[in-house]
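**Q** For reference, the chains in residue letters:
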Amino acid sequence: MTLLLELKDVGASYGAVQALHGVSLRVEESEIVAVLGANGAGKTTTLRAISGTVKRSGEIHFGGRRIGRTPETVARGGIAHVPEGRGTFAELSVRDNLRLGAYTRPNEDFQRVYEYFPWLEQRSAQTAGTLSGGEQQMLALARALMLRPRLLLLDEPSLGLAPLVVRELFRIVRSLNEEEGVAVLVVEQNALIALETARRAYVLEAGRVAVEGESQELKKHESVRKSYLGY
Amino acid sequence: MALKDTRLMADFLQQVVSGLASGGIYASLALALVLIYRATQVINFAQGEMAMFTTFIAWSLMNHFPYWVAFVLTLAIAFAGGAALELVLIRPVQNAPVLTIVIVTIGLLIGLNGLARRIWGSDPRRLESPFSTDPIRIGGVAFSIQDLGIIGVSLALVALLFGFFQYTKIGLGLRAAALNPAASRLVGVRVSLMLALGWGLAAVLGAVAGMMAAPPLGIFDQNLMQPILLYAFAAAVLGGIDSPLGAVVGGLLLGVIVNLAGTYVDFVGADLRLPVALVIILIVLLVRPAGLFGHEALRQRA
Numbered sequence: 279m280t281l282l283l284e285l286k287d288v289g290a291s292y293g294a295v296q297a298l299h300g301v302s303l304r305v306e307e308s309e310i311v312a313v314l315g316a317n318g319a320g321k322t323t324t325l326r327a328i329s330g331t332v333k334r335s336g337e338i339h340f341g342g343r344r345i346g347r348t349p350e351t352v353a354r355g356g357i358a359h360v361p362e363g364r365g366t367f368a369e370l371s372v373r374d375n376l377r378l379g380a381y382t383r384p385n386e387d388f389q390r391v392y393e394y395f396p397w398l399e400q401r402s403a404q405t406a407g408t409l410s411g412g413e414q415q416m417l418a419l420a421r422a423l424m425l426r427p428r429l430l431l432l433d434e435p436s437l438g439l440a441p442l443v444v445r446e447l448f449r450i451v452r453s454l455n456e457e458e459g460v461a462v463l464v465v466e467q468n469a470l471i472a473l474e475t476a477r478r479a480y481v482l483e484a485g486r487v488a489v490e491g492e493s494q495e496l497k498k499h500e501s502v503r504k505s506y507l508g509y
Numbered sequence: 137m138a139l140k141d142t143r144l145m146a147d148f149l150q151q152v153v154s155g156l157a158s159g160g161i162y163a164s165l166a167l168a169l170v171l172i173y174r175a176t177q178v179i180n181f182a183q184g185e186m187a188m189f190t191t192f193i194a195w196s197l198m199n200h201f202p203y204w205v206a207f208v209l210t211l212a213i214a215f216a217g218g219a220a221l222e223l224v225l226i227r228p229v230q231n232a233p234v235l236t237i238v239i240v241t242i243g244l245l246i247g248l249n250g251l252a253r254r255i256w257g258s259d260p261r262r263l264e265s266p267f268s269t270d271p272i273r274i275g276g277v278a279f280s281i282q283d284l285g286i287i288g289v290s291l292a293l294v295a296l297l298f299g300f301f302q303y304t305k306i307g308l309g310l311r312a313a314a315l316n317p318a319a320s321r322l323v324g325v326r327v328s329l330m331l332a333l334g335w336g337l338a339a340v341l342g343a344v345a346g347m348m349a350a351p352p353l354g355i356f357d358q359n360l361m362q363p364i365l366l367y368a369f370a371a372a373v374l375g376g377i378d379s380p381l382g383a384v385v386g387g388l389l390l391g392v393i394v395n396l397a398g399t400y401v402d403f404v405g406a407d408l409r410l411p412v413a414l415v416i417i418l419i420v421l422l423v424r425p426a427g428l429f430g431h432e433a434l435r436q437r438a
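Listed in order, the protein sequences are those of chains U and Z. Note that the first sequence covers residues 279 to 509 in the working numbering. Note that the second sequence covers residues 137 to 438 in the working numbering.
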């Protein structure tokens, strides 16, 4: 396996409040990795440090090179970030949202995305804000796919969605990973489904990596089980 | 009786077309205001003076070049100048409170007016018109070719701009950057570049408005765009300050309303046209603050 993304001792702060205290983690090529943790543990900030939407210290390498400092350059490098709250352009049509996903690409390949999300094709003219929450999360994922990313950053994709929709969402993430080899770094509150989907996981506590390992092992890990799986 | 009716009708149609011509100019400038408002939530008070300045540039160029060459050159200069103003003046105060940015645009208004007086002096000028001032008969009614030309140019410009926003990648980037800057950055849109482009496009709209407004007046000076800016404010408020379509419809509607009121309401006459526009602002703000096509303040915070 080759290394795709590596964070070394990454720190980040919002004004005077330090949110990350030296996080190190890695994602291999075509691997799904989960980041778990309580509210405020620094999960979202870790993703934001990668995509350049928060000021950071430490080193991040992507595909063997130092990663860009601004979200624009990170996106151009092939990392698609689906932020918390989805980052959908509610006033724009479904089609324009998808076009924006391919903004940095020379062409817009809608068909490839419609294969994963057939219903988007019929509703391409609909205003994105009128979709249901689950549909908007699917649209956000579809938009990210338009970038043809090597790495997908997903921030709390299950938030506010019905269990069935969450299942469907993670099924699509898995098939994206299997069929196209897209690597995924997913932040989740829903540890159960995250550990089922990911090969490895990191548990953050107060801005540091507390536990890391294979998902199968973490499921048996006592403190992880108690804190995040609830049994 | 029938003859009199026909003449009344012809007169009315002439006044409507004449109102649409003024309205096209208001619409162009209102659209410039809306473009910048959508991107920065600020009214650019200097929009009129930017247009006046580029009209003087057009006047200088027309001394050396044929009309349409000078026209295109002026648009290019306006675009570069508008983008440069954003970079130099607006960017440093981008994250300041709205009031700060508004005051910067008011400073720019005063500065451009003074600079234009310094460069071109206070003698009134005459701007060449690309259109004949002769009338043309359509269905028995005489219309001014100049009026029809102004309507044509304004509408063509608006149509071009809508096509650009709807179908090009940069147009999409401009819309996205205005709606949700944070999410735009995540998909790779260079939001700061988009802001500069937006100012450039707004300046182009203003330049066209200025070049269309000056010839029918006969002579013009540095105060050329001041009443037109007030009409454009009224048009933008009427249409909805965040709606490009509203700016265009509002501009055309306002042009017709003001012209008809000035012609048929004795009390309004020639002197009270501008106050009519202000009354319209007041009524819209009281009855329907979002305007005809605008949205109530439902803006998401980025």
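Derived from the structure by calculation, the hints contain no laboratory data. What you are looking at is a predicted structure, and each value in this text was computed from that prediction instead of being measured. Glycine included, every Cβ here is placed at the ideal spot set by N, Cα and C. Wrong hints could be hidden among the right ones.
Distance ranges between label pairs, derived from CB positions [what the hints assert, rightly or not]:
| id | chain 1 | residue 1 | chain 2 | residue 2 | range |
| --- | --- | --- | --- | --- | --- |
| 1 | Z | THR142 | U | TYR392 | 58 to 64 Å |
| 2 | U | ASP387 | Z | LEU284 | 31 to 37 Å |
| 3 | Z | LEU284 | U | GLU399 | 40 to 46 Å |
| 4 | U | GLY293 | Z | ARG253 | 43 to 49 Å |
| 5 | U | GLU393 | Z | HIS200 | 36 to 42 Å |
| 6 | U | GLY293 | Z | ASN199 | 52 to 58 Å |
| 7 | U | ASP387 | Z | LEU149 | 49 to 55 Å |
| 8 | U | TYR292 | Z | GLY299 | 40 to 46 Å |
| 9 | U | GLY293 | Z | ILE239 | 44 to 50 Å |
| 10 | Z | LEU291 | U | ALA316 | 48 to 54 Å |
| 11 | U | PRO384 | Z | ILE419 | 48 to 54 Å |
| 12 | U | GLU399 | Z | GLY299 | 21 to 27 Å |
| 13 | U | GLY293 | Z | PRO202 | 33 to 39 Å |
| 14 | Z | ILE419 | U | ARG452 | 45 to 51 Å |
Below, in silico cross-link-like pairs of lysine to aspartate or glutamate (EDC-like), each with a Cα-Cα straight-line distance of 16 Å or less [stated by the list, open to error]:
| id | chain 1 | residue 1 | chain 2 | residue 2 |
| --- | --- | --- | --- | --- |
| 15 | U | LYS504 | U | GLU483 |
| 16 | Z | LYS305 | U | GLU337 |
| 17 | Z | LYS305 | U | GLU386 |
| 18 | U | LYS286 | U | GLU337 |
| 19 | U | LYS498 | U | GLU474 |
| 20 | U | LYS286 | U | GLU306 |
| 21 | U | LYS497 | U | GLU474 |
| 22 | U | LYS286 | U | GLU490 |
| 23 | Z | LYS305 | U | ASP387 |
**Q** Against this structure, judge whether each hint is valid.
**A** Here's how the hints hold up against the structure:
no.: 1; hint: THR142(Z) with TYR392(U): 58 to 64 Å; result: 59 Å, holds
no.: 2; hint: ASP387(U) with LEU284(Z): 31 to 37 Å; result: 45 Å, violated
no.: 3; hint: LEU284(Z) with GLU399(U): 40 to 46 Å; result: 44 Å, holds
no.: 4; hint: GLY293(U) with ARG253(Z): 43 to 49 Å; result: 46 Å, holds
no.: 5; hint: GLU393(U) with HIS200(Z): 36 to 42 Å; result: 59 Å, violated
no.: 6; hint: GLY293(U) with ASN199(Z): 52 to 58 Å; result: 56 Å, holds
no.: 7; hint: ASP387(U) with LEU149(Z): 49 to 55 Å; result: 52 Å, holds
no.: 8; hint: TYR292(U) with GLY299(Z): 40 to 46 Å; result: 42 Å, holds
no.: 9; hint: GLY293(U) with ILE239(Z): 44 to 50 Å; result: 27 Å, violated
no.: 10; hint: LEU291(Z) with ALA316(U): 48 to 54 Å; result: 59 Å, violated
no.: 11; hint: PRO384(U) with ILE419(Z): 48 to 54 Å; result: 50 Å, holds
no.: 12; hint: GLU399(U) with GLY299(Z): 21 to 27 Å; result: 24 Å, holds
no.: 13; hint: GLY293(U) with PRO202(Z): 33 to 39 Å; result: 58 Å, violated
no.: 14; hint: ILE419(Z) with ARG452(U): 45 to 51 Å; result: 58 Å, violated
no.: 15; hint: LYS504(U) with GLU483(U); result: 14 Å, holds
no.: 16; hint: LYS305(Z) with GLU337(U); result: 33 Å, violated
no.: 17; hint: LYS305(Z) with GLU386(U); result: 10 Å, holds
no.: 18; hint: LYS286(U) with GLU337(U); result: 5 Å, holds
no.: 19; hint: LYS498(U) with GLU474(U); result: 13 Å, holds
no.: 20; hint: LYS286(U) with GLU306(U); result: 15 Å, holds
no.: 21; hint: LYS497(U) with GLU474(U); result: 9 Å, holds
no.: 22; hint: LYS286(U) with GLU490(U); result: 15 Å, holds
no.: 23; hint: LYS305(Z) with ASP387(U); result: 14 Å, holds
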